[in-house]
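Participant: Here is what each chain is made of, one letter per residue.
There are 2 protein chains.
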Amino acid sequence: MKIVILGGDGFCGWATSLYLSTRGHDIIIVDNLSRRDIDNELGVSSLTPISFPQERIAAWKEVSNNEIKFHNIDVAREYDSLLALLKKYEPDAVVHFAEQRAAPYSMRTPKAKRYTVDNNTNATHNLLCAIVESKLDIHLVHLGTMGVYGYGKFENTPIPEGYLKVQVPQPDGPALEREIMYPADPGSVYHMTKTLDALLFYFYNKNDKLRVTDLHQGIVWGTTTDETGRDERLINRFDYDGDYGTVLNRFLMQAAIGFPLTVHGQGGQKRAFIHIRDSARCIELALQNPPQKGDRVQIFNQMTETHRVGELAEMVSKATGVPIQKLENPRNEMERNELNVMNENFLRIGLKPIKLDEGLAAEVTDIARKYAYRVDRSKILATSRWRS
Amino acid sequence: MKIVILGGDGFCGWATSLYLSTRGHDIIIVDNLSRRDIDNELGVSSLTPISFPQERIAAWKEVSNNEIKFHNIDVAREYDSLLALLKKYEPDAVVHFAEQRAAPYSMRTPKAKRYTVDNNTNATHNLLCAIVESKLDIHLVHLGTMGVYGYGKFENTPIPEGYLKVQVPQPDGPALEREIMYPADPGSVYHMTKTLDALLFYFYNKNDKLRVTDLHQGIVWGTTTDETGRDERLINRFDYDGDYGTVLNRFLMQAAIGFPLTVHGQGGQKRAFIHIRDSARCIELALQNPPQKGDRVQIFNQMTETHRVGELAEMVSKATGVPIQKLENPRNEMERNELNVMNENFLRIGLKPIKLDEGLAAEVTDIARKYAYRVDRSKILATSRWRS
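In order, the protein sequence lines correspond to chains A and B.
Following our numbering, the numbering of the first sequence begins with 1 at its first residue and continues without gaps.
Following our numbering, the numbering of the second sequence begins with 1 at its first residue and continues without gaps.
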């Protein structure tokens with residue numbers, strides 16, 4: 001398959017690009033390196049020393065003999081370049097990771113809120129527009145988030161894969177049975193942009209019959225894949241700062257450097273998780289199982305297990321002896337929630353979930369320990385606040 | 001009340017500004033004149049000879065002795081100016097008309113699609129961000145559209161005002177009774193942007209407790225209000241071209257100049273309507289009835305009657321003798337639909353609907369006849385297509 005990967009230099013994008021390249025796909029990475037620019041803005045680097053895209057690609061060629069192409073295009077701003085790229089390569093699919101992806105960053109300042117909405121909405125809409133204008137039958141695979149569903153909106157009703165069965169009372173007859181798009185309940189500006197994306201997909205799917213798969217992903221943990229581990233120059237990024245660091249990796253990193261594990265609030269928040277290797281595998285499965293022309297938007301929940309944040313902290317604390325510190329929750333969220341998520345779609349098409357175990361957790365801790373000398377401890381705590 | 005009107009130079013915005021000014025409110029118009037720029041782009045002018053904003057405001061001062069302020073700010077681009085304006089005037093309310101509002105224009109070209117999404121989404125989001133950053137308790141009144149609901153999504157279920165009652169089955173107990181945001185079903189890129197707006201309102205209302213009223217307006221008809229009729233220099237715009245002309249006004253204009261009435265498809269589309277005078281009155285009612293801090297987004301259906309497009313054409317044709325021409329429908333929509341809309345909220349707070357009658361229709365025809373010499377007949381037919 002010929003696959004364009006928007007945002008292919010990022011944490012998930014890079015791992016996915018190499019995973020798909022190894023499996024014989026022809027990969028074209030598009031990235032404007034905005035994530036690296038945000039590192040500069042925040043004054044914090046990936047814990048791991050990532051190479052420049054050109055070096056990464058050269059190293060990959062050396063190691064695997066596979067060629068990956070790289071184009072520096074701002075998908076939200078450079079529509080003509082994006083369109084020309086689609087026309088040039090005529091890809092079978094585009095995987096769309098090209099969005100600002102941190103909830104805390106999206107709540108940091110008015111500027112960051114506005115950047116997140118502007119960038120994410122225009123990136124997705126430009127892509128949809130360009131696919132229509134190209135007249136190519138491209139399968140669009142988008143990385144969404146479990147956060148679009150909110151937490152506990154419908155009590156014990158399991159969270160379905162995108163579509164909720166409801167009954168709508170009619171004035172003059174029996175209630176209608178309908179599947180509707182799950183009512184969105186975003187918890188940050190970032191999550192909100194993914195709910196906007198869903199409506200963009202809905203419309204372009206309806207009006208232009210675009211084939212779209214939207215993947216509502218859980219919190220990704222782990223750092224290394226078989227491919228990124230093959231050479232130091234292929235190393236994947238590892239975010240540990242208060243804006244971009246995500247919860248399980250943060251605990252493992254904190255444990256590695258002896259920094260008390262930071263739990264926001266009481267830790268009762270239950271969240272969905274997936275390992276970085278499964279994330280890449282899921283993208284491949286989604287690419288191999290596209291919707292047919294005329295099908296509605298295909299939505300899969302890309303997660304393999306759920307955990308309560310406080311329980312993860314306790315697990316890591318017990319294994320390592322590093323204590324937990326409970327901090328005021330900067331987010332505006334429920335102290336405690338249940339979370340029952342359906343993920344039958346990926347299981348049905350072949351996902352064999354990697355579950356949290358000590359070996360995999362140790363891999364993260366090892367990486368964190370190896371690069372502990374690069375940690376700026378002043379950047380670990382979350383500083384973005386949901387409300388002033 | 002001190003009221004900032006974003007998009008106050010447009011068709012609804014100008015009529016509303018004068019209506020509220022007459023009733024003693026302090027009005028600040030913000031407009032970047034994008035609608036006049038699009039006239040230039042399309043090579044077509046308002047049927048009526050509208051004055052420049054500075055002339056309009058000077059004439060209004062002369063006629064009414066009321067002062068309206070005017071600021072040329074691009075709300076989607078000039079965030080700092082918008083924020084400074086809110087801080088300077090400390091308005092009680094902002095009425096937000098500052099969006100590209102034509103469905104056909106929004107489907108015209110990839111550039112127009114992208115402009116519509118970029119402009120409308122950033123305008124709304126900048127406003128929300130600026131209200132939060134200003135720390136002012138401003139009531140935001142937004143002009144939405146009945147088009148967010150789609151047509152016939154739930155068969156005979158009357159279209160409620162924003163929130164739909166549904167039952168959500170639970171695995172372990174009786175179904176939950178819930179009111180959810182009505183599942184969006186936009187019919188064009190323009191309508192889609194209003195469904196994005198709804199999610200922006202939802203999030204900022206939830207996270208920041210902003211007070212928001214979203215008005216889902218029907219198709220506006222009529223041209224003159226008591227205020228715009230007071231002086232030739234106050235005349236309101238009248239769009240008659242294939243992109244911006246709306247259906248009932250288009251028939252009346254066509255009748256006035258003896259141009260066959262253009263019905264797209266068979267005319268079975270049923271739509272909601274409201275007269276321009278009622279539109280302005282509804283804005284005042286919404287301003288007088290704000291939600292309380294902590295209330296959810298308040299949604300009103302701003303319409304007074306429904307008509308089938310073909311039946312309106314027949315009515316105008318019978319009254320004037322001008323024949324109907326049926327054209328291929330450029331839109332991607334149902335040939336025929338039912339439409340049962342609830343509008344109890346406005347009736348409850350005092351709206352006395354103006355209904356379609358021959359006197360009011362004659363007013364439009366008179367205006368159209370008076371300025372018939374300004375018509376460019378080559379611009380009357382719709383040229384934008386929903387699908388290539």
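Take these hints with a grain of salt, some might be off.
A pair holds if it fits inside one copy or across any two, identical chains being indistinguishable in the list.
Unchecked claim - Within a straight-line C-alpha distance of at most 27 angstroms, the following computed BS3-like cross-link-like pairs (lysine-lysine) qualify:
| id | residue 1 | residue 2 |
| --- | --- | --- |
| 1 | K165 | K209 |
| 2 | K270 | K209 |
| 3 | K318 | K2 |
| 4 | K206 | K270 |
| 5 | K165 | K379 |
| 6 | K111 | K293 |
| 7 | K206 | K165 |
| 8 | K209 | K153 |
| 9 | K352 | K2 |
| 10 | K61 | K111 |
| 11 | K87 | K111 |
| 12 | K135 | K370 |
| 13 | K153 | K293 |
| 14 | K135 | K111 |
| 15 | K135 | K293 |
Worth flagging that the hints you see were computed from the coordinates, not collected in a lab.
Treat the numbers as computed from the prediction; the structure is a model and nothing was measured.
Participant: None of the hints should be skipped; say for each whether it holds.
Facilitator: Hint check results:
1. Proximity of K165 to K209 under the C-alpha cut-off of 27 angstroms is restricted to the intra-copy arrangement: shortest distance 23 angstroms within a copy versus 30 angstroms between copies.
2. For the identical chains of this complex, K270 and K209 are inter-copy neighbours only, at 25 angstroms across copies versus 36 angstroms inside a copy, given an alpha-carbon limit of 27 angstroms.
3. When the C-alpha separation of K318 and K2 is checked against a cutoff of 27 angstroms, the pair qualifies neither within a copy, at 46 angstroms, nor between copies, at 60 angstroms.
4. In the homo-oligomer, the alpha carbons of K206 and K270 lie at most 27 angstroms apart only across protomers (20 angstroms), although the nearest pairing inside one protomer, at 34 angstroms, exceeds that limit.
5. In this assembly of identical chains, K165 and K379 lie within 27 angstroms of each other by CA distance neither inside one copy nor across copies; the values are 44 angstroms within and 46 angstroms between.
6. Taking the closest pair of Cα atoms, K111 and K293 come within 27 angstroms of each other only across two copies (25 angstroms); inside a single copy the shortest separation is 39 angstroms, beyond that limit.
7. Within a single copy, K206 and K165 get their C-alpha atoms as close as 20 angstroms, and across copies as close as 25 angstroms, so both meet the 27 angstroms cut-off.
8. For the identical chains of this complex, K209 and K153 are inter-copy neighbours only, at 19 angstroms across copies versus 31 angstroms inside a copy, given an alpha-carbon limit of 27 angstroms.
9. Taking CA atoms no more than 27 angstroms apart as the test, K352 paired with K2 passes inside one copy only; the shortest distance there is 25 angstroms, against 61 angstroms between copies.
10. Taking the closest pair of Cα atoms, K61 and K111 never come within 27 angstroms of each other, the shortest separation being 39 angstroms inside a single copy and 38 angstroms across copies.
11. In this homomeric assembly, K87 and K111 come within 27 angstroms of each other (Cα to Cα) only across copies, at 17 angstroms, whereas the closest approach inside a single copy is 34 angstroms.
12. Taking the closest pair of Cα atoms, K135 and K370 never come within 27 angstroms of each other, the shortest separation being 49 angstroms inside a single copy and 46 angstroms across copies.
13. Proximity of K153 and K293 under a CA criterion of 27 angstroms is satisfied inter-copy only: 22 angstroms between copies versus 32 angstroms inside one chain copy.
14. In this assembly of identical chains, the alpha carbons of K135 and K111 lie at most 27 angstroms apart only when taken from different copies (16 angstroms versus 36 angstroms within one copy).
15. In the homo-oligomer, the alpha carbons of K135 and K293 lie at most 27 angstroms apart inside one protomer (13 angstroms), although the nearest pairing across protomers, at 48 angstroms, exceeds that limit.
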